[in-house]
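**Student:** Could you build the full structure based on these sequences and the hints that come with them?
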Amino acid sequence: MKKLFLWLIIILLALNTNAQNDTTLNAKENYSLRKKLVYIGGASIYTGTMVGLYSMWYKDYPMNGFHFINDNHEWLQMDKLGHATTSYHVGRLGYEAFKWSGASEKTALWVGGFSGSIFLTTIETLDGFSAEWGASPGDLIANTSGSVLFIGQQLLWNEQRIMLKTSFHTTSFAQYRPDLLGSNLPQRLIKDYNGQTYWLSCNIASFLPPKSLFPKWLNIAFGYGAEGMTGSNSNSIIYKGNTIPSFNRYRQYYLSLDIETSRIKPKNRFLKFVLKGISFIKIPFPTLEINSQNQIKGHWLYF
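Residue 1 is where the sequence shown starts when you use this note's numbering, and the numbers rise one by one after that.
Heads up, a few of these hints could be off.
Computed cross-link-like contacts, DSS-like style, restricted to lysine-lysine with a CA-CA straight-line distance of at most 30 Å [to be verified]:
hint	residue 1	residue 2
1	216	99
2	265	35
3	276	36
4	99	276
5	265	276
6	36	106
7	265	106
8	35	276
9	267	35
10	272	35
11	99	35
Per label pair, the in silico range of CB-to-CB distance [claimed, not checked]:
hint	residue 1	residue 2	range
12	237	268	46 to 56 Å
13	243	212	49 to 59 Å
14	241	106	55 to 65 Å
15	44	296	47 to 57 Å
Calculated directly from the structure, the hints in this document are not laboratory data. Bear in mind that the values here come from a model prediction, so they are computed numbers and not experimental data. Just so you know, even glycine gets a beta-carbon here, dropped at the ideal spot from N, CA and C.
**Tutor:** Take a look at the structure:
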């Protein structure tokens, strides 16, 4: 549920930011009004999300003194990449929202850029006071890493040449632990780490001379995934009286191409809006996989 909230926020922020950017094409709005919209809108989303998370996730569990846990070994670190990716994109959208409001580059970069870490750290703090869980140093590092990746590139290049992205495909593992990995497609999209892949998508043209004819929208992408997981730390043997097959937990490394949709500049405003809004998704392409089982695989079209 917490993960679902985070991705819903990314989508809502993306749609809101894109709508704002498109509006500026037709009208000159007062920066004071924009600033109020950004601060009030951001505070409303933040407060509403925290209240919703507390009501749906924390209130039914006992609270305790603040404490840390070490969960770095869980899910072969797939959850940590999810934290970094979420932090990166919330920060990217926060930066764009502040720039739209007329804020200075410094304010947009440091306040907007770190908004992902700030948001996720609040959730981590709630975890820290929950007797059921605990604050994770690994999560905090991952959150900060996503923000640093965004801010560092803005300082170095004034653009995002390397983006964190995600993709998903269905797997057969969720059927054995539907409570943990999801019982339907929307749940599995959020909960099944076996089907998730996280990518560093690098824009090639941005590293070439300005007069290069290389397509500005074509990226090379390096991915990481993991499979064979029916539990966070180790695989379950029995679920509700049924024996679960034995699976090897292993890591996957990918090499692929990607389309950077935010660098495509169509004349149609709605299409531009859509392309920018989906820029956190890795576009399917033929992909090479090398995994920790010493296998090399080719995928004609990998999701």
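**Student:** Return the numbers of the hints above that this structure violates; sort them in rising order.
**Tutor:** none
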